[in-house]
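**Student:** The primary structure of each chain is shown beneath.
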Amino acid sequence: GAGVSQSPSNKVTEKGKDVELRCDPISGHTALYWYRQSLGQGLEFLIYFQGNSAPDKSGLPSDRFSAERTGGSVSTLTIQRTQQEDSAVYLCASSLAHGLATAETQYFGPGTRLLVL
Amino acid sequence: GENVEQHPSTLSVQEGDSAVIKCTYSDSASNYFPWYKQELGKGPQLIIDIRSNVGEKKDQRIAVTLNKTAKHFSLHITETQPEDSAVYFCAASIGNTPLVFGKGTRLSVIA
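Chains as they are written, first to last, in the numbering used here: chain A, 1 to 117; chain B, 1 to 111.
Chain A with its partners taken away, still in its complex shape (with noise of 0.2 angstroms):
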């Protein structure tokens, strides 16, 4: 079946922008995650959606960061007022996840690789 989208696969945008990420997850997967991952480093998380439980936000770097999940499918993430150090690549996760207790496979998708100039 169809993996986790992300749209665009690339942007570039200039400092000072805002610009908007697009992670369409597995079918039926309740839980989505948002990680980051800068040149040469591992994967930061961002933030975390289970459900319809609030969003752990906790991961998130400043108050320029912020997403949405709607109707407990699609995922927007938004970055204000784009900085360089923004530029990394922002990698969606989905998983079948019906609670904490018991982990499920996290399948990622390929990722928008941002550049801010």
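These are calculated hints, taken from the structure and not from any lab test.
The structure presented is a predicted model; accordingly, all values stated were derived computationally and were not measured.
A couple of the hints might just be wrong.
Think about it this way: if two alpha-carbon atoms lie no more than 20 angstroms apart in a straight line, the pair counts; the simulated SDA-like pairs of lysine to any residue are [stated by the list, open to error]:
{"#": "1", "chain 1": "B", "residue 1": "LYS42", "chain 2": "A", "residue 2": "GLY40"}
{"#": "2", "chain 1": "B", "residue 1": "LYS42", "chain 2": "A", "residue 2": "ASP24"}
{"#": "3", "chain 1": "B", "residue 1": "LYS68", "chain 2": "A", "residue 2": "THR102"}
{"#": "4", "chain 1": "B", "residue 1": "LYS42", "chain 2": "A", "residue 2": "SER87"}
{"#": "5", "chain 1": "A", "residue 1": "LYS57", "chain 2": "B", "residue 2": "GLY1"}
{"#": "6", "chain 1": "B", "residue 1": "LYS37", "chain 2": "A", "residue 2": "ARG113"}
{"#": "7", "chain 1": "B", "residue 1": "LYS37", "chain 2": "A", "residue 2": "GLU104"}
{"#": "8", "chain 1": "B", "residue 1": "LYS71", "chain 2": "B", "residue 2": "GLY55"}
{"#": "9", "chain 1": "A", "residue 1": "LYS57", "chain 2": "B", "residue 2": "GLU2"}
{"#": "10", "chain 1": "B", "residue 1": "LYS37", "chain 2": "A", "residue 2": "LYS57"}
{"#": "11", "chain 1": "B", "residue 1": "LYS68", "chain 2": "A", "residue 2": "ALA101"}
{"#": "12", "chain 1": "B", "residue 1": "LYS57", "chain 2": "A", "residue 2": "THR105"}
{"#": "13", "chain 1": "B", "residue 1": "LYS22", "chain 2": "B", "residue 2": "HIS7"}
For this one, chain A is given, so just place chain B on it according to the hints.
**Tutor:** Showing chain B alone in chain A's frame:
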């Protein structure tokens, strides 16, 4: 919070040899330990995972071992092939909480 350390950062092996990547974690409550392979320009892909009630798991040429007492886990790839060349990430979590990743190991398999 959880901290995951991964070594080595780069690893070169001859085709057919074995490769071993090691990770340590800090939070004894972590109970899920996946390994991801990331090829250039792609998202990470799960290759194997292990839960804290198991000490070892094997899938063909790939195996993972977990030592809960020492808080470390390792990835073993046997009979390496050029297509195994990629960046490998270990991670840890408590159930379905967000994964905490190591910084990755760039594996090069030399034909």
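**Student:** Can you name, in rising order, the numbers of the hints this structure does not satisfy?
**Tutor:** 10
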